[in-house]
Every structure is written in structure tokens, then in C-alpha cells.
Amino acid sequence: MAWIWFHRFGSPPHFYRIAGKLIPWLAWPAAVLCAAGILAGLTLAPADYQQGDGFRIIYVHAPSAWLSLMVYSVMATTAAVGLIWRMPVAHAVSASCSTLGASFTAVALVTGSLWGRPMWGTYWEWDPRLTSELLLLFLYLGYAWIRSAIEDVNRADRASAVLAIVGVVNVPIIHYSVLWWNSLHQAPSVMKFGKPTMPASMLAPLLMVLVGFTLYFGAVVLVRARGELLRRERATRWVADVIGER
Amino acid sequence: MHFLRMGGYAAYVWPSVGLTVAVMLLNVYWARRAARQALAVARRRLQMQREGA
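Chains E and F are the protein sequences, given in the same order. When you line the first sequence up against this note's numbering, it's residues 12 to 257, in that order. When you line the second sequence up against this note's numbering, it's residues 11 to 63, in that order.
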């Protein structure tokens, strides 16, 4: 059963159609959740007892940082699937991740730095969390650079996949860095075992933005992957069928 | 007005929110532009094939 689904989703024309139908179902809830969550975080959530209103940066910083890690995991997993099963759809999805991933890694770094300035007294510190997140940005940029530098699609797929898979070791390092080392960065308050260390009125808007960002990524990556498939499969019959049908 | 002041943290909170929203919108724009261009190229290719045949 799962294998049939796997093969169906792995077939480019099926993927193209299903993705096209799925996009609005991801995009609209994403827009509503992100807007409502960020607004609620800026207005309804109570000010932090230590950080005052400055803590509200969390409502854009934490979801951006979450995306930076989640998108990388998706990019590396689909790269591995593409490499092992020679699936063009998987490579197309992987290739569709790097722009969004890199830009949200940059957002996480900049918003973190804007948060660090008033709270820690510095924009930047060569701290384990900050340094490993910066390395993540370079991994995304390296991946994108390999893809743009290699003309042949199959070779670009393989070379970039190897980089993505090797770089995945950085993901747990970033996540656990604040626990493993004595970091300036605060410990996780949501993404951890046990109860979140936050009152519900602060947590609810954050969870909305986290879910919203995840759906948003789904919509954007599918839009990109459809374009990517058209580009790769331009010589095939199904592309002619799809674009010739109107 | 009180809301905009963000308890003295306005200079840190508002640029963070502005940047995040701007990057979200930009990624939507970039993705749609890439998809549109791919479709246009595929259409042109098909057209040329049909005219050639």
C-alpha cells in the first residue's frame, strides 16, 4: 500500500497534478495562521517578566530557525531518496528547498542578532548555536552554488545530494548545541521533551506561527518543484500533455 | 502609540517582524516567477515542435 503511494507520488505527472491541487490547501491556512499568530504574539501575548516586550521577537525568530532546520532535513532526505532510488521527483523537491532554506537561515541569524543586542549586549558572539547556524547558511549556499555551477542535471543532482547528506550532521548539532555546550543562547522552551516552559497565552501564538510556517514551506516548495519538473522533463510526453491541454 | 513603542524595544522588534514578512513574501514571488518561467519555456518548446512537424 505504502509502496504504491510511493511510486505514484514518484511519477512526475502524478506529482505535478497532486501538487497543483494541494498548493491552495496549504497556502491559505498558512497565510491565516501566520498572520493571526504573529499579530496575537505582538498584541495578545503578555510581556515577558524578564525581557519585557523584547521577547516578542520569538514569534518570528523561532519559526524562522525551525524552518532553517526543517527545510534542510527535507532537502537532505529527498536528496538521499533521489540518489538511492533515482527518483527525479525527489531531486526536484530537493533542488526546490535551498533558496527558501537559505533565506530563512539568514532571517533566523538577523532576528537572533536583533534579539541578542538588547538582551545579551551583543549582536554576534562566536557561540556554538550561532556558529553552527551560520555554517548551515553556508551549506545551503554551497548546495545552491553546486547546482548552478554544474550544467548536466544528473551530475548536479548527485554532487549536490552528497553535500546535502554530509551536511545533515550539522542539524542535530544546531539543535542540541544549547544543551551540550555552555551557550549564550537560551535553552529550548517548546521543542523539547516534557511540557513547554511557557504559559499558554504566550505559547498558543507561537504554535500557530510554527504550524503556519511549516504549511507555508509546503506550498512554496511545491510551486517550485512543479516548475523544476517541467524544466527537467521538458522532452517528455506528459509535459506536452499537461501544457497542451488548454 | 504604546503598542508601536514595544516597551522600548521597538528598534529590535519591528525590523525583525518586517524582515521576516518581507522574506516570506519574496519567497512566494520568487517561487511563482520560477514556475511561470518554466511553464513559458515548456510552452515555447512545444509550439516550436508543432510548427516544425
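Incorrect hints may appear among the rest.
Interface residues of chain E toward chain F, partial, derived using beta-carbon atoms under 8 Å [unchecked claim]:
no.	residue
1	Phe115
2	Thr122
3	Tyr227
4	Gly229
5	Val234
Honestly, the hints are just simulated from the structure, not real lab data. Glycine residues also receive a C-beta, built at the ideal position from the N, C-alpha and C atoms.
So which of the earlier hints does this model not fit?
4
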